[in-house]
Every structure is written in structure tokens, then in C-alpha cells.
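Chemist: Protein sequences appear in the order of chains P, H and Z.
According to the working numbering, the residues represented by the first sequence are 779 to 1047, in order.
According to the working numbering, the residues represented by the second sequence are 2 to 353, in order.
According to the working numbering, the residues represented by the third sequence are 24 to 317, in order.
Simulated from the structure, these hints should not be mistaken for lab results.
Any given hint could be a false lead.
Stated by the list, open to error - Part of the chain Z face toward chain P, derived, beta carbon under 10 angstroms:
(1) P52
(2) M58
(3) L73
(4) E142
(5) P144
(6) T149
(7) I250
Please read these numbers as outputs of a predicted model, since none were measured by experiment.
Glycine included, each C-beta is placed from N, C-alpha and C at the ideal position.
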Amino acid sequence: MKQKITKGALILVGVAFLIVMLVLPLATVLIYALRQGWAAFFSAVTDVYAVKALQLTLLTTAITVIVNTVFGIFAAWTISKFRFRGKQALTTLIDIPFSISPVIAGLVFILVFGRIGWANPLLEALDLKIVFAVPGIVLATIFVTFPFVSRELIPMMQAQGSDEEEAAALMGAKGFTIFRRITFPHIKWALLYGVILCTARSLGEFGAVSVVSGHLRGKTNTLPLHVEILFNEFHLTAAFAVSSILVLIAVVILILRNIVEYRVKREER
Amino acid sequence: MYVELQNINKKFGEYQAADDISFSIEKGRLIGLLGPSGSGKTTILRMIAGLETPDSGSIIINGRRVNDLPASRRGIGFVFQNYALFRYMTVFENIAFGLEVQKKDKAYIKERVGGLIRLIGLEGLEKRRPHQLSGGQRQRVAFARALAPNPHLLLLDEPFAAIDAKVRKELRVWLRKTINKVGITSIFVTHDQEEAVEVADEIIITNKGRVEQIGTPVDIYKNPATPFAAKFIGESIEVEDYGRFHGFENEKGYAKAVLRPEFVRVTKIEKEIYPHASERGTVEDIFFRGNMLELRLNVGGVRLAAYRSLEDDLFSVGEEVSVLIYRLYLYNDRQVRLAENASLKSDQTFVI
Amino acid sequence: MALSQAAGHKGADSRLKKFFPVRKGTVIPGFGLSMGVTVTMLSLIVLIPLFSVFLTLSGSTFSDFWRVVTDKQTVATYRVSLSCAAIAAVVNAFFGILLAWILTRYQFPLRRVLDGLIELPFALPTSVAGISLTTMYSDKGWIGRWFDRIGVKISYTTTGIVIAMIFIGIPFVVRSIQPVLEKLNPQYEEAALTLGASRSRIFRKVVLPEILPAALTGFGLAFARGIGEYGSVVFIAGNIPYQTQITPLIIMNKLEQFNYFAATSIALVMVVFAFLLLFGINSLQARINKIARG
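With the sequences and hints as input, model every part of the structure.
Modeler: Given below as C-alpha cells:
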């Protein structure tokens, strides 16, 4: 009997914690988004700056995910299929962006490409703008989400070993063929999982982008930045209306993540 | 009767782990639960311990129905197949665990644990952690840990399954000796018949969730009660058309027979004694079994095995020999019957 | 013939192999290409930009650096960031263990939904989380107003900062512990049961030591994340100097004032601290693992 009470209490406390910490903030977004009715909601969401911000966010995310996926695959291949000195160091270096504050990530690119940056003379010569322009935003996002795909692939590929690939190589198969026909089927769920995580973080990145962006509405504003601007200007409803789009995307991502994670676990067995 | 199971049933999904099981065990006995993998023996053990609950039936220990008593209150010691020693505790702390639960004072614990460590022969290793011990040592610690709180019943789940063959033999002897010394009622589960036969006072054979036979090792060996028992104990070969052998006739209702190598005698043709009772066969293979030879014979298309001492005449592969079959166990789905070679009797009247 | 072909193209392979000696007999192709791409991208995107930190600081002296990072207001931000992140991480450690336990051991309605929701702080943009938390806990917000009645203010105080840091740290401890609990051999607990132990003793003496390394990892990650977090925290903090100003924000401020030297110096302090923290946690974990596994 006592056991049942303990169990009930634990569940109650845990569920209450999750509801307060996770569900209520979500509810807040929806409540405040619709506070002034559907008309206000729609006008905020279809506002030209909001749409432009969404476009920039999506563009940035697309480029980032592609770049980091390519990197992730190459890095995982290098680390899991070969033996060499310095493997641990390489893995640690790759993980660095994971432990750096986003503000610092943005700062770093200002130091390279900004007014005082050492690459600035070169940029001026080529008439290129990186920081306070779209390229800077993309670079900062790539930096922050850099290890997301590789972090999922490396343990997976290491756990699977290289026996099958070696067998194929001995039979004369070329590198890309080996990857496509032997490695890829094993890792496709882990890869998808990493891509989903990378996408989620890229869509939502705020701190790093905030530093490099310049906040030019319609030009260098991503959706999370647009939310900040609206909020700071006290356009509460608009800020939350736009946020609800991001919440929707987040929920979809969570659902996808769960489905794929289930598949990854099945593959691991 | 100290431990009694009455009409116990347990199903896991489609798998019937226990099918109307009933048996009883006397106090102080060392019982072996023997059966192939999946026969339900581990489930039965776990139900006695309280780690599983039966779907129906009663488990009675020392006169008391314990179905509703939780595992932590049954006073039963359990030794797991993979020892399950607490990894973050030392040997001493592992063994002392049950005593601390009983809130015994430090002096008592120290003395009792010390005594048990001496009993299992691991003096000096008290401060070691499980990963620093060998398999055999870990098993002994698991044994001591289970005994520490003075249980009145000891259960062991395939205690030697995870141990090297050589150490296993020594541990078996040690286990039997120690259990007898402590005098505790014990039930152990195994799929190794040699082990069951060597260690147990009595054996319960299980198969597909049912009890096939209960008896002393010798009993079961000599008088198998069911076809499964006949086939499971000892080495056995199934034969379908047993009527073709001299001295045996195909009996209605018994489609097959089981033959044990001990029932077969092989002699050189020139030394044949009972020509009317014997068959002709060819030696197909000879295997060295450490202390004797096993001969694989082909007798009219049927493959048999027989043993030869190393002291007797040696045979060679391909040699034609005389094969005498003393007896067979005839069986059908439900019954087993011993059949003797009839020609032997009539032949014997000739030889005086 | 197949072996030499498969053993990789010459040229790039053998040059790179001088830097990274590969074990003889590697039969899988592509080492040169994949290592090359990996190292190139890593350098271009991560290492070289990071190196700029040192480049920027190289012109100055250590005492300049020291003066900037020990400035009174800056030090106040260390205090705020560290203490709030520590408290939040402890809370997350406690609830993380509890949540991991109920999610793996019990069944209850909505369990799967709540389990899936745990990653919300990762999926939600930090600014959205930031404005949402700020609004709901402000003294006019639909939660904050109840606290305001009893005189407790949450938004724009360190309490608000702690709550925001708890929010973003939730997944770390839970997800570190869950796999360990799921894979934990039930026989340890069964053995303790047969020895008469109560559920609470089993948890304390048998389960807790097993999950401690994972809990520590989660704690460290949550702590590090709390210190570095910007978006979720900056709105609710209010950023009153000496009181609710977090370190990432002061870096932002220095940047806006074009004080690149100060911004970079403080950033360096943060990076060094994060590194030491992770290193410390890893060592502690290694020690604990050694006890059990040798």
C-alpha cells in the first residue's frame, strides 16, 4: 500500500513539474497570440517583415543543415572507419561548438569578418559583406550547429564497426559505393535524427545570430530575432503570434524526432 | 512437506511457463530442477521466491500460503545466474547487506560476515569489489550473501552456467558439501543433467511447463516414467522400427524406442556369444571420450552408439562387428515401457 | 590487385598519412578524402574563427586583460550567472532523476506524450522561450500575478533567471539517466529484494550509485548550458547591473559599445571556465566508473 502511495506521489510531482515548466510556457504563447482575436493573429503572421524573416530563417536552416550533414558524414567516416593517432583530439575539437555560448560564437565571427576583423581588408577588396549580412548569419548558425549531425553518426558508426565495409573493399568496391550500399542503410535513421536536431537548433538559433545580424528588418532579420524586436517594441500579440508559428514547427520537430528515435533504437538492437 | 506447489499456472503471452505444476519438497533436502531451456524451471524458482506471481495456484512454504507475501518478506535466499553482486560495494558490504536490512548491530555483522567469508574460503578478499574477483569467487560471494540473513530456504538459478568447465566441477562439489554443512533446504535449477545428478538428493524433471518426473537420480535413470525422462537422462538414440532387432517385436501402441549406449554390447564376430540375439553392424566412427571409447555403429541402416573400455579389444573403423542389444525403452506420446531382448533368455538356456 | 586499388588513392592519402599515421593494412578507401574534408571544414568553420580570439587579445598585455575581466560589474555578472546556473542545475538534477525514474519504471496516462515533450527546450527557439517565460511570470502575467499578490516577484529577478535556466536544462539530466535506467539489469534490484530491502533502500543503495555518473554528466551539461545561455534568459533577467545581469549579456553590451577587447576577454574567461568544468566532471565520472568497473 505504501508502495502505491509513493508511486502516485512521485508521478504527481514529476508530471506537475513538467506541466509547469514545459506545458504552461507553450500555453502562454497560444493564449497571448490569440488574445486579440484571429484577425490580429493573421495580420501579424502575414506581415511582410515576418514573412521575410521566415524566408531568411528557412534559407539559413537549409544551407546549414546541408553543410553540417556533409561534414557530419565525412567526419563520422574518418573517425569510425580508420585508426590514427589524435582521434580523441579530433573528436573533442569537433564538439567544441557544442559547449560554447552562442554569444561567443557570434562574437568570434565579428572578430574575423567585422570591422576590426583580420579578414576585413580582404572582404573590402572583394566588396563582400559578411557580418551584418546574410552570409554572417549563415556562418554563425553553421558554427553553432556544427557537431549536431556528427555527434549522432559517430557513435552509431563506431558501434557498427567496419567489418562489412572492409569485406566490400576487399572485393574491390569503391569508396562511394561502399558508403551508399553498405554504410548508409545502417545509419539512415541516425542520420535523419541528427538532421532533425540540426534543423531544430538552426531554426531557433538566437544568441549567435543576434550578435552578427545587425537586426535590419526585412534584410538580416531571422524569425527568432523578429520575435525579439516585436517584443521589445511592446507588440505583444504580434510577437506571440509569430512565436506560435515557431512553436508549431517545434512541436512538429518533436513528433518527428520521437518517431525517428524509435527507429534508431530498433536499428541499434 | 516444507515447500509445496499446488496447481501452479503461469503464462507469458503465448508461452506457457508453468502448466498445472504440483510438487512438494521435504525440509533439508537438496532438490534439482532439471529441464531443457524454456521448460519453465527458472519461472518456477522465481515464483517460489516471489519475483514472479503465478496466474493461479498456491505456493505453500512451511505450512503458510505465500502467494501474497512480497519477495522481501519471504526469508528466502536467492543466488542469481550472473551473481548480481552490487558493483559499488565491497565483498564485505555485499554479504552484509541483508544483515543491515535486519538492523543487526555492527559487532554481529562483523562476526557473521567474517564467518561466512571463512566458510566460502575468501579470507583476505573482504575489501575487494566484484570486478576484481574471478567468476568462481563471485559465485561464492553471491552464495554467502544469500545465506547471511539466515534464510530458511535457498534457491539457486543455474548457479554454474556462467563459469568455466573446470572450475564448475570443483564448485559443484563445494556447493553440495557446504549446503549439507549448513543444512538448509535448497532448490537449484539447471539444464545440465550431469550437474543435477551429481549435486541433488532428488531431481524434478520439467519440460514445456510440466513436471515429467520426480525422483532420486538413480530412480529416474533406471525407471524413466515418461518418454521425455527416458530421452533426457543419459545419452539416448531414437529408433523407429525396433522390431527388426532380434529379440524385439514391434508392439502396437508403441511406435518408437529409445536406446542407451549402456544397453548395447559390441563384440568381435569371432567372440560372439549370443548369435541369435545379436545383430551385425559396421563400425563407422570411433571417438575418444577421455576415459573410454565411444563407437558409432551402423546396424542395418540404424545408427547406434556404444561404449568400450580402453582395456578391451580395439576395433577399427569399417570393421564388421557383432552388436547385442540388451533392452530398449518403448515409448509413445505418454508412456514408457522397458522391453528386454527375448532372444537373450532363450539363448541363455543353451549356454550353461 | 583489388587490395592495392582498394587501399586508397595515392597522393592525398600518403601525404596525410604522414601527419596522421594510419595502421598498416587499412583496406577501406577514402581516408585521404574524408580526413581532408573533415579537417578543412573543421578548421575553416571552427578552429580559425576561434583562433581570432587569441589574435585579438595578442596585442595587449596580461594586466590589461586582467583589469577588464575583474572589473566590478563584470565580476557581478560571474556571480549571477554561476549561482543561478548552479541552483538551476541542482534542481534539474533532482527532478531529472525523478523524471527518469517515473518515465522508465511506471505507466501512467500521457506518459509517452510527456516523454516526447522533454526535448521542447531544444526544439523551441530561445527567444520564444524567453518572451514566453517573461510574460507569464511578470507581475501582470497569468502566473506571475498570483505570486505578485503574495509579494513575490519572479520576472526581472534572479528567481526568473533560475526558472529560465531550469527550463533549458531539463532535457540534460533526464536524457542522460534514462538510458542507464532502461538498461540497468533488474537482477540487482531483485537480489536486494530477496535480501529483504525496502524500495527506498534499494533505490538509495543499489540504483543511485549506478545512475550517479550519468546524473553527474547531465548536471555538468545543464550547468554549462545555463552559464552560456542567452536567448531564454536575457528577457526575463531584466539585466539590472550588479543584480540580474548575466555574463553573456555583458559581452553583448561591450560589443554594442564596440569594446571588442573587453568582449573578447570576458568571452575567453567563459570559454576557459566551461572547459575546466567539463574536464572536472569527466574526471569525476571516470573515477566513479573505476570503482565499479576497474
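Chemist: Each of the hints needs a verdict: does it hold here or not?
Modeler: Evaluated hints:
For P52 (chain Z), the interface hint holds, since its Cβ comes within 10 angstroms of a Cβ in chain P; the closest pair sits about 4 angstroms apart. A cut of 10 angstroms between beta carbons decides the hint on M58 (chain Z): the least distance to chain P is about 5 angstroms, and the hint holds. Evaluation of the L73 (chain Z) hint against chain P yields a held restraint, the C-beta minimum of about 6 angstroms falling below 10 angstroms. Checking E142 (chain Z) against chain P by beta carbon gives a least distance of about 6 angstroms; that is within 10 angstroms, so the hint holds.
A distance limit of 10 angstroms between C-beta atoms decides the matter here; for P144 (chain Z) the minimum to chain P is near 8 angstroms, and the interface restraint holds. For T149 (chain Z), the interface hint holds, the least distance from its beta-carbon to any beta-carbon of chain P being 5 angstroms, beneath 10 angstroms. Given the 10 angstroms rule on beta carbons, the hint for I250 (chain Z) holds: about 7 angstroms separates it from the nearest Cβ of chain P.
Hint compliance for this structure: every hint is met.
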